[in-house]
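Student: Here are the chains, one letter per residue:
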Amino acid sequence: MKPSPGKKFSIILAAGCAGIFLCLIPAAGQTSAPRIPRLPDGKPNLTGLWQALGTADWDIADHSAAAGPFFQLGAIGAIPPGQGIVEGGQIPYKPAALEQKNKNFANRIKDDPEVKCYMPGVPRAAYLPYPFQIIQSQKDILFAYEYATTNRLINMGKPQEAATDTWMGTSNGHWEKDTLVVDVTGFNGNAWFDRAGDFASDTLHVVERYSLLDANTMNYEATIEDPATFTRPWKINLILYRHREKDARLLEFKCVEFTEQLLYGDLVRKPGK
Amino acid sequence: MNHRLFLWMAGLTTVIALAPLGSVAGQTAPKSSKAAADAKTPWGDPDIQGTWTSDDTWGVPFERPKNFGTRATLTEDELKDRQKRVQQSEEFVDTGGPNAHSPAVAELQAKEKGEAPPAPAQGRGRGVDSAPVPGHWGEFARRPSHQTSQIVDPPDGRLPALTPEAQAKLDAKTKLRREAIPASYTNWSYYDRCITRGVAGSILPVIYGNGLEIVQTPGYVAIRYEMVHDVRVIPTDGRPHLSSNIRSYMGDAVGHWEGKTLVVETTNFLGDRMAVGVNGDGGAPYSEDLKLTEKFTRVSPNTVNYEMIVDDPKTYTATWKVAFPITQEPGYQLFEYACHEGNMAMHNMLNAARMEDKKAAAAAAK
Numbered sequence: 001m002k003p004s005p006g007k008k009f010s011i012i013l014a015a016g017c018a019g020i021f022l023c024l025i026p027a028a029g030q031t032s033a034p035r036i037p038r039l040p041d042g043k044p045n046l047t048g049l050w051q052a053l054g055t056a057d058w059d060i061a062d063h064s065a066a067a068g069p070f071f072q073l074g075a076i077g078a079i080p081p082g083q084g085i086v087e088g089g090q091i092p093y094k095p096a097a098l099e100q101k102n103k104n105f106a107n108r109i110k111d112d113p114e115v116k117c118y119m120p121g122v123p124r125a126a127y128l129p130y131p132f133q134i135i136q137s138q139k140d141i142l143f144a145y146e147y148a149t150t151n152r153l154i155n156m157g158k159p160q161e162a163a164t165d166t167w168m169g170t171s172n173g174h175w176e177k178d179t180l181v182v183d184v185t186g187f188n189g190n191a192w193f194d195r196a197g198d199f200a201s202d203t204l205h206v207v208e209r210y211s212l213l214d215a216n217t218m219n220y221e222a223t224i225e226d227p228a229t230f231t232r233p234w235k236i237n238l239i240l241y242r243h244r245e246k247d248a249r250l251l252e253f254k255c256v257e258f259t260e261q262l263l264y265g266d267l268v269r270k271p272g273k
Numbered sequence: 001m002n003h004r005l006f007l008w009m010a011g012l013t014t015v016i017a018l019a020p021l022g023s024v025a026g027q028t029a030p031k032s033s034k035a036a037a038d039a040k041t042p043w044g045d046p047d048i049q050g051t052w053t054s055d056d057t058w059g060v061p062f063e064r065p066k067n068f069g070t071r072a073t074l075t076e077d078e079l080k081d082r083q084k085r086v087q088q089s090e091e092f093v094d095t096g097g098p099n100a101h102s103p104a105v106a107e108l109q110a111k112e113k114g115e116a117p118p119a120p121a122q123g124r125g126r127g128v129d130s131a132p133v134p135g136h137w138g139e140f141a142r143r144p145s146h147q148t149s150q151i152v153d154p155p156d157g158r159l160p161a162l163t164p165e166a167q168a169k170l171d172a173k174t175k176l177r178r179e180a181i182p183a184s185y186t187n188w189s190y191y192d193r194c195i196t197r198g199v200a201g202s203i204l205p206v207i208y209g210n211g212l213e214i215v216q217t218p219g220y221v222a223i224r225y226e227m228v229h230d231v232r233v234i235p236t237d238g239r240p241h242l243s244s245n246i247r248s249y250m251g252d253a254v255g256h257w258e259g260k261t262l263v264v265e266t267t268n269f270l271g272d273r274m275a276v277g278v279n280g281d282g283g284a285p286y287s288e289d290l291k292l293t294e295k296f297t298r299v300s301p302n303t304v305n306y307e308m309i310v311d312d313p314k315t316y317t318a319t320w321k322v323a324f325p326i327t328q329e330p331g332y333q334l335f336e337y338a339c340h341e342g343n344m345a346m347h348n349m350l351n352a353a354r355m356e357d358k359k360a361a362a363a364a365a366k
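Line by line, the protein sequences give chains E and U.
Start counting the first sequence at 1; every next residue gets the next number (this note's numbering).
Start counting the second sequence at 1; every next residue gets the next number (this note's numbering).
Hints in this document: simulated from the structure, not taken from any laboratory.
Quick caveat: nothing in here was measured; it's all calculated off a predicted structure.
Mixed in with the good hints, there may be bad ones.
[To be verified] Subject to a maximum C-alpha distance of 30 Å in a straight line, what follows is the list of computed DSSO-like cross-link-like pairs (lysine-lysine):
hint	chain 1	residue 1	chain 2	residue 2
1	U	K295	E	K246
2	E	K43	U	K260
3	U	K291	E	K270
4	E	K270	U	K359
5	U	K173	E	K116
6	U	K40	E	K43
7	E	K177	U	K359
8	U	K358	E	K110
9	E	K270	U	K173
10	U	K175	E	K270
11	U	K358	E	K116
12	U	K314	E	K139
13	E	K158	U	K34
14	E	K43	E	K177
15	E	K158	U	K175
16	U	K40	U	K359
17	E	K246	U	K173
18	U	K260	E	K139
For reference, chain E alone in the conformation it holds in the complex (with noise of 0.2 Å):
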């Protein structure tokens, strides 16, 4: 059979460019769909700089306009209003993970881990308000996030069970078709979702989906499943955007020197004593 104009075109793009970063190549057979970056093997590329937009770090649920904690920061120290990245707008806590929300809530400034440059953990780390670079190699999958340095390696061979827990947890991926798929497990329950004081324990379970819609779009996904804190499964959903600006790279945001006054203060020798 004769190859369609579109199908030849692709033929062409796909030799001529073969094995060069960032190629891309439409889905085989699908000349309407979105093109996206490939890897040699066919598998999508997510090497890139993302990042979430929106105001889920502040709070993944709905929220309105309010003053910020700190009132000599004015403006700039204000809580921008939210549309929330939870399905169907309820988080299902159970009645006494809801009380420890709102007990977090009342004490984010002191026990909020972001406040402190703690770990992210995972989901979080997705959208917090600082770049995260993937790089995908042939087999595991690097990702570093921008925010104190925190990474993680994406096991994509057998499976391995989280061997401790960890703020990051324990990543194992694959992909189902398209979408890299990552199960996380070994959380230490320290981490918090949000500047809100959602949270979870240590029996938390995040499946991750990371979905290109085009080359520079990505679906992000995570079901969170933990009985000790919700009564069910629930699911968050945001769009990660790469970073287009000419020479975009990651940074350093090495936060811990930041929080160290606030942290140790007390303990530093006062002037003249």
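Fit chain U to the known structure of chain E by using the hints.
Tutor: Then chain U, alone, in the frame of chain E:
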């Protein structure tokens, strides 16, 4: 010093382990050594991916002891001595060493039996501070290095003379670190503060946590280091360095391939903080003009030759070079090192220092 041991305890939940489970990335059985050393990624770059460790150079002096002169390698007899020490450290790791008995555990066991706690051994106190260095946390060389020093250039294996400015900075730092009663967290190194160990500090071998993992994709090489969970994303697509107004602890790294060697040039460092030395604190603080040139060359399936050339005219009167192999070891795995999150040591050390201040003030008031 005690605070090191405290830091170790702080790292308890997150520390390295030589866990037997799990596959080791990049250790698919090679057809031949030559083939694996020349392995290419599907997009044609030399493949240096996998989990590596600088353990084999643990115990090799950073600067060459003067009696070796310009001799860069050990004699056969010297090598046998080092082999013996390697065996000893391996036994230490296997058995927990001569101090395997933990006073803290003994105390608990005695309590269970309703007996009096055993007397503190070897002049140590009780509790956390009395715990011996746990052998299984330590890493060790698996084979003896032939090198007489980690520094291979200048030919005497010793650091070039410091500039007068750098010597003054080193003196000031040494004074700060040795203050008997530390005034602030800034008395401690950037490593003790869990900020970073910097580029050099992240690969120079120490007692544990010498692992690094290399991941490649078209246009990038990334290196993640276990200790203090550092990571570097290195573009290899020919782009220039960032603006000199953007500075950082790990600097701005750009790389390129020269044959089978990855060459990484790193600039844009924050000056006057870290040193090119053990844990990023050993030696004079480098200036913001520091340029590091690193070379990674895979020479066998399980070995990459690593080189680092240090160029900082404001600090050193000549360039100098460190070189050693990094290796892949069966079962070696990186674990999350949540240093800052578990840094109870900093709180405790400062708390103790303020108690000392109070004691001194009370004594002075008498």
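Student: Please name the hints from earlier in the document that this structure breaks, with their numbers sorted from lowest to highest.
Tutor: Numbers 3, 7, 12, 15, 16, 17 - these are the hints that the structure violates, sorted from lowest upward.
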